[in-house]
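Chains A and B supply the protein sequences, listed in that same order.
Here the first sequence is numbered in our numbering, starting from 1 and rising by one per residue.
Here the second sequence is numbered in our numbering, starting from 1001 and rising by one per residue.
Derived from the structure by calculation, the hints contain no laboratory data.
Predicted, not measured: the structure shown is a model, and the values here were computed from it.
Backbone N, C-alpha and C define an ideal beta-carbon position, used for all residues, glycine too.
There's no promise every hint is true.
What the hints assert, rightly or not - Derived lysine-lysine pairs resembling PhoX-like cross-links, with alpha carbons at most 20 Å apart:
no., chain 1, residue 1, chain 2, residue 2
1, A, Lys106, B, Lys1157
2, B, Lys1111, A, Lys107
3, A, Lys105, B, Lys1157
4, B, Lys1157, A, Lys107
5, A, Lys106, B, Lys1158
6, B, Lys1158, A, Lys105
As the list claims (entries may be wrong) - These stretches of chain A come out as covered by chain B in the derived footprint (C-beta under 8 Å, 3 or more residues):
no., segment
7, 2 to 8
8, 34 to 41
9, 54 to 68
10, 90 to 103
11, 111 to 119
12, 154 to 164
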Amino acid sequence: MISTLASLFLKLSAFSLVAFGGINALLPALYDLSVNQEHWINTQTFADYFAIAQAAPGPNLMTVTLIGWNVGGILGAVIATIAIAWPSSIMIFFLQRTILNLRDKKKQQVIQYAAGALAVGLVLAAAWGIAVQINHSFAAHLLTIGTIAITFFTRWHPLYLIVIGGVLGVLGFI
Amino acid sequence: MSGFGGVLPWARRTIVEQEKWLTPEEFSAMLGICQIVPGPNIVNLAVCVGSRFAGVSGALAAVLGLTLGPVALVILLGMLYEHYSYMPMVQGMLRGISAVGVGLIASTGFKMMRSELNYPPMLVVILFTVLAASYFQLGLGWVVLMASPLAFFLARKKANR
């Protein structure tokens, strides 16, 4: 148990520092770790935890919290949440003043442009990777594509879309 | 706790519009940095805003305030899930929600990409990252390591236009 929690803590801590684009960018790596490598949960549970984290209020790192909870109860949930947040928190604590106070505005721009492009790539790759893992029907893929289209052409609150997705699922369409 | 569909819009309203802790410009600059550095964006933002006012303790307070409630709630939901996940209705609902959730992440990515379109060469970095991560299935660390030199090279050119 202790060794599982230690491994959970160390691996999530390492993820924290490469997660350009935030938790969203991290999801495929999280899937690979928890389903393929460590067998903590199966694909279905991962997909369901992802859904719960999306539907619940709060930051999107809750997928990580739920995986931690599955591995080691409440202690596991707390450890996983801390692990994913502490390295990047310490880094941003020291970095923010440095970057915001850079005399050379051009340097600041270079950093922002470079990291921004990395983030876009990782987030798009993550959406693709996760869609392939958790959408098991044509209808599910259609719903994903429909969601993208609606967010492009309307200003609907994401919560409406989540409710629509849930209702379509309850009715057995997905 | 009221952060349905992401905490960011709500954070902006509280910090900038209601409490006036930061000007809109300060908030945007801060958010810009927190979204591009690695790690959970909203936790990063809490660290930035909290430390601006009370150093380390402010950062800690902000992060705890942001996460404690949702963590407790999501554990509760996890327990409910254990009991009711056998029901086809619950399974269907979660399938629907996760399909929408993936779509929301993709559209976040596409929206972020819009600002890249004013310097098209940067799309090469995005394409490279997507291919390395999706097609070649390289680990996240490797992808970042391999794409960074090109990203910085093009970013310098973009800034020097």
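Do three or more residues of the segment 111 to 119 of chain A come closer than 8 Å to chain B, measuring C-beta to C-beta?
holds (count 9)
Please count how many residues of the segment 154 to 164 of chain A have a CB within 8 Å of a CB from chain B and say whether that reaches 3.
holds (count 6)
Does B:Lys1157 pair with A:Lys107 here, judged by a C-alpha cut-off of 20 Å?
Since the Cα atoms of B:Lys1157 and A:Lys107 sit roughly 11 Å apart, the hinted pair holds (cutoff 20 Å).
Verdict on chain B covering the segment 2 to 8 of chain A, criterion of 3 CB contacts below 8 Å
violated (count 0)
Need the status of pair B:Lys1158, A:Lys105: alpha-carbon distance at most 20 Å?
holds, 13 Å
So if I understand the rule, the pair passes when the alpha-carbon distance is 20 Å or less; does A:Lys105 with B:Lys1157 pass?
holds, 14 Å
Three residues or more, CB to CB closer than 8 Å: is that satisfied between the segment 54 to 68 of chain A and chain B?
holds (count 11)
When you check the alpha-carbon spacing of A:Lys106 and B:Lys1157, does it fall within 20 Å?
Satisfied, since the Cα-Cα distance of roughly 11 Å is no more than 20 Å.
Run the distance test for A:Lys106 versus B:Lys1158: straight-line Cα separation, threshold 20 Å.
holds, 10 Å
Can you take a look at whether the segment 34 to 41 of chain A is actually covered by chain B? Rule is 3+ residues, C-beta closer than 8 Å.
violated (count 0)
Within 8 Å of chain B (C-beta), three or more residues of the segment 90 to 103 of chain A:
holds (count 7)
Just to be careful, I want the Cα atoms of B:Lys1111 and A:Lys107 compared with a cutoff of 20 Å; is the pair within it?
violated, 24 Å
Of the numbered hints stated above, those contradicted by the structure are hints 2, 7, 8, listed in ascending order.
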